[in-house]
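Spelled out, the chains give:
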Amino acid sequence: MSRFIPQTPMGSAPVARARLQSLLEYDRSLISHADLLSVLREEIFALIGRHAVIDANKVHFMVVRGNTASTLTVDIEVPFRVRPTATRYAHDGENAFSYP
Amino acid sequence: MGKVIVVTSGKGGVGKTTSTAALGAALARGGQRVVVVDFDVGLRNLDLVMGAERRVGFDLTNVVQGTAKLSEALLKDERLDALYLLAASRTRGKEALTEDGVAGVISELRDQFDWVVCDSPAGIERGAMLAMRFADEAIIVVNPEISSVRDSSRILGLVDTRPLKVETGGRLDKHLLITRFDPVRVARREMLSVDDVREVLPVPLLGIIPESEEVLRASNLGAPITVCGRESAVSRAYIDAARRIKGDWIEMTVPAKDKSRFTKWLGGRAA
Numbered sequence: 001m002s003r004f005i006p007q008t009p010m011g012s013a014p015v016a017r018a019r020l021q022s023l024l025e026y027d028r029s030l031i032s033h034a035d036l037l038s039v040l041r042e043e044i045f046a047l048i049g050r051h052a053v054i055d056a057n058k059v060h061f062m063v064v065r066g067n068t069a070s071t072l073t074v075d076i077e078v079p080f081r082v083r084p085t086a087t088r089y090a091h092d093g094e095n096a097f098s099y100p
Numbered sequence: 001m002g003k004v005i006v007v008t009s010g011k012g013g014v015g016k017t018t019s020t021a022a023l024g025a026a027l028a029r030g031g032q033r034v035v036v037v038d039f040d041v042g043l044r045n046l047d048l049v050m051g052a053e054r055r056v057g058f059d060l061t062n063v064v065q066g067t068a069k070l071s072e073a074l075l076k077d078e079r080l081d082a083l084y085l086l087a088a089s090r091t092r093g094k095e096a097l098t099e100d101g102v103a104g105v106i107s108e109l110r111d112q113f114d115w116v117v118c119d120s121p122a123g124i125e126r127g128a129m130l131a132m133r134f135a136d137e138a139i140i141v142v143n144p145e146i147s148s149v150r151d152s153s154r155i156l157g158l159v160d161t162r163p164l165k166v167e168t169g170g171r172l173d174k175h176l177l178i179t180r181f182d183p184v185r186v187a188r189r190e191m192l193s194v195d196d197v198r199e200v201l202p203v204p205l206l207g208i209i210p211e212s213e214e215v216l217r218a219s220n221l222g223a224p225i226t227v228c229g230r231e232s233a234v235s236r237a238y239i240d241a242a243r244r245i246k247g248d249w250i251e252m253t254v255p256a257k258d259k260s261r262f263t264k265w266l267g268g269r270a271a
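Listed in order, the protein sequences are those of chains G and U.
Mapping of the first sequence onto our numbering: position 31 corresponds to residue 31, and the numbering continues sequentially without gaps.
Mapping of the second sequence onto our numbering: position 86 corresponds to residue 86, and the numbering continues sequentially without gaps.
So here's chain U without its partners, still in its complex pose:
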């Protein structure tokens, strides 16, 4: 039976959707059967980041309401055989998603996949609560920036109380994923360090994703960063994080300052 992971943060724009797509694709490349589920009803974007926006017909809400079968709403990724997307509805309100309905869909997904990765909407409202309700594990995405850390701290409190697994006496595994980390600015003491963030959010670290231009490029092209930017530091950081989710032990490295163009040029010439 598959595991359900919620990717959440409280604050918007920190990289939940990018991370959901990147981790989902990395797990699928590692041979796992993965479905990424967009819970951001009304403001869906995971389909865009996955490059599947032209193929979205039925969505999560249709399946919950019984107007479509799960198999009709599941979109197979065009690049990775083991990766699927379940899109959010763009038009119907959040009210259309009932807790019982979502429970049924998640249970079906658990049977079919090794990993069910739920992309939570920002905020702490109903949609975000529903996204974490059936989770076995939570990935808290945070930027080294005070408002993001504060919001994640709030989300951490909710992750500790709201999921069904916690209510029924179980333990929910939490992971911290630091994104948009800029080693140069941290070195200059212009950005919170990994330790600063972890002091407020005492959760096992899943990965540190460096700030990179590659993320925008991947979004422009409509492909998870772990698919279209394989050699980039960001992609490698996500691939390592995905392996940690699976339980592999991978040494944690704090991203170092990127080589300058000049150094790269020299390096390229020598090679």
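Here chain G stands alone, though its shape is the one from the complex:
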């Protein structure tokens, strides 16, 4: 019976329109920060590298864009081994937990 009811199938254009709007908004906002992700990657890597010996191959940056903001996922394997220059923090830790 449904065959005789004029069908107005759900078109795909609204999906395209929504994708396009979100995309353009993002593209425009990005223009002044074209390399933001690269800069963040470099600085975060350097920051952690100051304290721990990290392997560049075990660093993973990923970004997923939402409607109004992006989620940056940073996955870095930090070994137990710390840099000698970072021992200051280890001492602070010892002091905090040791008894006189």
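Because the hints were derived from the structure by calculation, they are not lab data.
Check before you lean on any hint, since a few could be wrong.
[Claimed, not checked] Capping the alpha-carbon separation at 27 Å, the derived lysine-lysine pairs in DSS-like fashion look like this: (1) U:K11 - G:K58; (2) U:K11 - U:K174; (3) U:K174 - G:K58.
[Unchecked claim] Okay, the calculated bits of chain G under chain U, using three or more residues with CB under 8 Å as the criterion: (4) 17 to 28; (5) 43 to 55; (6) 60 to 71.
[Claimed, not checked] Derived coverage of chain U by chain G (criterion: at least 3 residues anywhere in the stretch with Cβ under 8 Å from a Cβ of chain G; other residues may be distant): (7) 61 to 75; (8) 179 to 187.
Note that the Cβ used here is the ideal one computed from N, Cα and C, for glycine as well.
Dock chain U against chain G, hints included.
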């Protein structure tokens, strides 16, 4: 070691990106490990056709410049496990892609994938030359329309001379993919026929893709046509073409006139 295929045409808007996505997805569905690479720096669109635009962080240029690892720039398809995308940069200029840098990335991709499908930018400038530079095979996309055939003829000459494989004495396999083919208009002698096109472009035929509304729908939804329009004639034509790339022998069929809605309605009623 994987094979590198460049999808090229000279002229813009003939269906390079649609074909790259469709063939890549069809190969991946057939169990092959595939990466599709966008070489259209500044005007990337493969991410949109693949529906991955929200997840593009690092791109080909980042990897070439060493500001990101390849594994960070490779985006896994959300529908097919064996399919990956390497996006082009939207902002940095073409100059950022050096030939040596691209060579390194392609070599890494060859190790990881069975097929590396490179979506060439339109034109015959640096980007298009870089996209074909490391190819083992070329797919020339052409519409049955004189300007497209002429531009493809020009591209054919470049494909015969520019790739590294040719320069070093190797042979580069070429395939012709005719897209936006309208059997009704060909029957009415309003459109160049397959033979007309092949007369100018004497290259083994990979497939004939019929003109279809499904292509726009797939693009709107952000999915390769071979994923979201499985039952359509276009999808079937691309799946056959992908199997021919793999080396299977599939009989070539020239798309026939589509059934009218009335015939379909009758057919549907009888079923």
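Q: Tell me, in ascending order, the numbers of any earlier hints that this structure violates.
A: 1, 3, 5 and 8
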